[in-house]
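Undergrad: Chains A and B are the protein sequences, given in the same order. Mapping to numbering that gives the first Met the number 0: the first sequence position 101 is 100, numbers consecutive. Mapping to numbering that gives the first Met the number 0: the second sequence position 43 is 42, numbers consecutive.
Incorrect hints may have been included.
No copy is singled out in the list; a pair is fine if it fits within one copy or between any two copies.
Heads up, simulated DSS-like pairs for lysine-lysine below, C-alpha to C-alpha not over 30 Å straight-line [said to hold, decoys possible]: (1) K83 with K592; (2) K663 with K641; (3) K308 with K348; (4) K308 with K433.
Think of the hints as simulated: they come from the structure by calculation, not from any bench.
Number of protein chains: 2
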Amino acid sequence: MKNFEKAGTILYNTGFLGNLIGSERTFVDMALESFFNPRSVAIVGASRQKSKVGYEILANMMEAGYGGRIFPVNPKADTIEGLKCFPELESIGDTPDLVIIIVPAKIVPSVMQQCAKVGVKAVIIITAAFREVGKEGRALEEQVIQIAKQAGIRVIGPNCLGLIVPANNLNASFGGDLPAAGAIAYLSQSGALLAAILDMANASDIGFSKLVSIGNKADVDELDLIEAVAADDETKVIAGYLESISDGNAFVRLAEQISHIKPILLMKSGGTQAGAKAASSHTGSLAGSETAYESAFERSGIIRCDSIKQQFDYAQAFANQPLPAGPRVAVVTNAGGPGIMAADAVERKGLTFAKLDGDTVSKLTSRLPPAANLHNPVDVLGDALADRYEFALDVVLDDPDVDVVLVLLTPQAMTESAATAEAIVKVSRRKPTKPVLACFLGAAKVEEGVKVLRLGGVPQYDSPESAVATIDAMVRYVGWLSKPKRVVKLFPVNRRKVENIVERHLRQRILEIGETESKEILEAYGFVTPKGSIATTADQAANIAQQLGYPVVLKIWSPDILHKSDVGGVKIGLNSERQVRDAFDLMIYRIPKKLPDAHILGVLVQEMCRKGKEVILGMNRDPHFGALMMFGMGGVMVEVLKDVSFYLAPLTAQEAKQMLINTKTYRILQGVRGDVGVDIDRISEGLQRLSQLVTEFPQIKEMDINPYVIGPEGTTPIAVDARITLEP
Amino acid sequence: MKNFEKAGTILYNTGFLGNLIGSERTFVDMALESFFNPRSVAIVGASRQKSKVGYEILANMMEAGYGGRIFPVNPKADTIEGLKCFPELESIGDTPDLVIIIVPAKIVPSVMQQCAKVGVKAVIIITAAFREVGKEGRALEEQVIQIAKQAGIRVIGPNCLGLIVPANNLNASFGGDLPAAGAIAYLSQSGALLAAILDMANASDIGFSKLVSIGNKADVDELDLIEAVAADDETKVIAGYLESISDGNAFVRLAEQISHIKPILLMKSGGTQAGAKAASSHTGSLAGSETAYESAFERSGIIRCDSIKQQFDYAQAFANQPLPAGPRVAVVTNAGGPGIMAADAVERKGLTFAKLDGDTVSKLTSRLPPAANLHNPVDVLGDALADRYEFALDVVLDDPDVDVVLVLLTPQAMTESAATAEAIVKVSRRKPTKPVLACFLGAAKVEEGVKVLRLGGVPQYDSPESAVATIDAMVRYVGWLSKPKRVVKLFPVNRRKVENIVERHLRQRILEIGETESKEILEAYGFVTPKGSIATTADQAANIAQQLGYPVVLKIWSPDILHKSDVGGVKIGLNSERQVRDAFDLMIYRIPKKLPDAHILGVLVQEMCRKGKEVILGMNRDPHFGALMMFGMGGVMVEVLKDVSFYLAPLTAQEAKQMLINTKTYRILQGVRGDVGVDIDRISEGLQRLSQLVTEFPQIKEMDINPYVIGPEGTTPIAVDARITLEP
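Between the sequences and the hints, there should be enough to build the whole structure, so can you do that?
TA: So this is what it looks like as structure tokens:
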């Protein structure tokens, strides 16, 4: 996704992936044709030796029953496994749609040259020992990509496991046997993990539309591939394992669009310090901030998974069942214990344990035995056969107060696991608008039933807890989908003014902006700062204080003193002329003694904001995702509770408000114990204005307004102090 | 555990389970002999019909290869499955060690009479339709237990699945096939769940020492059985699924002792509102408070599990591996991705990702390929064979800075799953002092290896995350084990005084204790309350205020007014004689108008505690576990953050202090931003005194001291106000 800038803009404006694909078809088209559905595949480095990857890929291609032509390329063999072998690409006499390269790293550039010569457009480089082994490898990788760019070749890899498309019988990988065809696309930055996933999936009938090992992402990256599988009709769910993201901003913008069409389930590792260190020594890439990732995923609707198991738990449901209309969960079970566990899990996740409608209960009464529990969880009892399950599920699914049904089964003496599974599949198909999930507990005794469920599209879980976690993920996704369209408000501001200040500082290589100019920047973006003026004599100071009204604050005024408090250059809460005069004289007398070289321009006399609560508005620029906005409660709360929240800029009004709500002590802002609350919309506006400022000025690396003093509704918040750091 | 009172006391005093078992052998002995290892078993209600439970249990007994004698009892059959059948118990002519009853509920009492007559001591009642179906069933159950008690018979059930002892080839259940013998004892309150567990365990070679379905717990309860398996040599780990606990206090006291000898892993459901409701409609028992359960489990060292899967994840490690000496985890892997996942999981759990010793790194360098990562996670690379794993694991296990090693494997082209597993088992056995866990990712390709690991005692996990969660459980258990012995300090108090007040109130059926007497109670237990006296005239009020020093508080004084604030009967912050006189006169004038019937004795003039921070000390009596102490931060913190913590009484000094530390804003007590901290030990002492009071007076149902005003070190905290409610 190297030329995303343009695509991103189009996307952002139209809001339709269709348009994007219409306007920027290059990689998506190539992926769908040459990579996912090639008419012919050349394997450069194909081998006769069974222990070699060059043999395994060829064998996998043949075993999978690939329908197109296969050209093994190896100067040392005439035939491999009965196929005619070519000494080099040129000798094929035809241009293969896809070339798989397995030769040693040093030879890869020359093979790429051949690809260019023959007119190949799609290449997968399996070979390792590139960027991941250090400087030399990195140079080699750059050389390869250079050739590719010049020739218009797109490259997956190097250092990858290959590509699998079950529906096309294409197994261009050394990952394992061809899995079943299905609706899940899987992209993995770890080849070894993909092999394990393939093995697990094959053991439990999980089907895939595409499996791609993305390797070093030297050319084609996760974003290209997400875009391609988003456009792929066979893919209903996009899942992936990532250790790093190549272009955070582009990623967020595209993922946000795609999430509206297909759910994206990601497992992202390397989020902790220990994990980041391990990732960095493994891939040589820098892990981004975990907070920024969280925020990016939330914004773009990506469903984050904590483990591979969880990812497949979720993927099964998203691929096979409709989305629930709401959070109300009903349970049908043949045993009390698991029913209680499910109820616990529903409440712990913040979902709703459905209260069944009166009609539903009457209907259940009519055919269930007297000892059955007719309320949620509906207990059809230990002797329930398939027909009783079918009846109960049917009735409960019809309940207007139920959004999703979880069917639990434990293998008891009379239990019909397979027949019950068939009944569940039947009812689920008959009522395709509400999701049905199942949890058959056990192993051998429920094996047949589990297979029936899986093949019938009813996702099966190994515990009530994991089924409920999946329902929760679906409900959260529906919540994200139903959010209003993001509209970022643009405030009228004096951009030119800030431009001048920022450019002047950068020219002079001054990276921290001083108080006067910080204030000017804030005012240019509509913030109100405390009134005040510079005094050069005690008389002046007293006069200014008189005009402002007491109490006032005095601050030493010098371009050379950034940390005023440290040198006794700040006095707050001055309540009388005498206090002002004393403070002025003491500063003027003492500070030059401490800092003889500081050029002192005077003392700032400023109104003091006493009323209202103090909060902090801030921004940090994340290396991957750009401006990450911060909101924090002031005072002791920040220090003791770290009561802050984050979100990526640019902020909408809703997102800014959500940042406030996400703090633990939000209620303090609303007012507790008779205390009048503060004007919450004005804080949210402050965050949006700051978001606009840092979005329009990417030169600002870090910034915070602290304290931002905010009073009751209708009052004007004051940006008392700001710290702005630029990036050269 | 009906006669636990005595046992509990003995335990508590000696601190050794051995002593308990020595002095109270009745049930433990019977369990180990008649229930777990009977020489003969009678099956009353044995049936020839294959669909009946009475047939299934007999068949299971025979299939398991039980070595003792089996007596089917059924008046309608001569033989069943080739065994001679008896018309009734008496006709056997011998007293069976164990009787299993499967006849319809109404007939159970008469069978119990026969048991009594024949001299049977151990009975399992499989039959359902007792307490769980309502009033009639409850009466029937009571009748059965009545007979049992008179005859000295101990009963497991009714409404249960039975009992399994693999090592003795005893399968007295209709739960499923006999599992492998092992070191895990499993007790389940849900029969259906036990059947599912059995099925899962049989599919993955998990072995058990005992499996017991505890049913309605009409006689033998979870505590009896925990005690029995604690004394059982074959059991190394006690695991169980519970929906309710019969005797909370006894449970905590015994579990605390047993946890020092064997780990107890419990899954407790019904903790949420929805879960409790489901549990109550299922079992008819009342779920206790979740907080009390948490606290009880923490106190007694019980390892709580969130799911059955997690329980077996944990049990495998506890049953087969030594405990880690500390939290430092090292990882050996053949793939980067899973290594990063493990590092993430370690940090998220708060464990330490080990930094390998220099020697270890040098040793690894000597034999690993140059591309291998020699630091944690140690990456032996994708082409690692078993010998490379063996070498790396051996070296890493020797590192003095490593407490536990997790070995990860993904199935790659050259991977030797089974041979690697053998190598791991070998090294683990060679170095039996440090725990080794494994996570072989995949399915068919690692199946053999997984089997080798399981049989070799190296626990195997399906994800790095679940392996790390298990390590975390082990480290937490070690932390609990290393806690100092609990010593509850007894303060010298005036118990007689409180006794008088409490008894007088109860005699008069007054359940809320008024301010004067609450104060007397507090003072009797060493709390300091604010100084003050009752004034009946404004002059007196002014005099008292003068003596106390301003500011003061005025409170209306009447036995008939409990909520003084509601009627304007409290005025705080009075700073002068004039304010005191005004407040006095207004109260005396206005309150009788509002409450003409209230008998007003005067106005309390009290010193006002301004300095220091306000906290809350409290107690609620949980129906299962008794006095649950509460500590809360005062003011806005409690209201907004619900910043409170709980622990079961009686509190040790360490536990009281931990309650403070467990609040989110503990640092505020320590002092932040130059603010002087408060005397933390005095708060802890207050909690211990309150704990002693409510322990010595179980008549106190609820109590709190709010606010408890606490100043800097060396100052005396003041118990300003208290609320005490008695239980009739």
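Undergrad: Hint by hint, note whether the structure agrees.
TA: Evaluated hints:
1. K83 with K592: neither (90 Å within a copy, 110 Å between copies)
2. K663 with K641: Both ways: K663 and K641 sit 9 Å apart in one copy and 10 Å across, limit 30 Å.
3. K308 with K348: For K308 and K348, both the intra-copy (18 Å) and inter-copy (19 Å) Cα distances are at most 30 Å.
4. K308 with K433: both (24 Å within a copy, 28 Å between copies)
Violated hint for the displayed structure: number 1, the only one.
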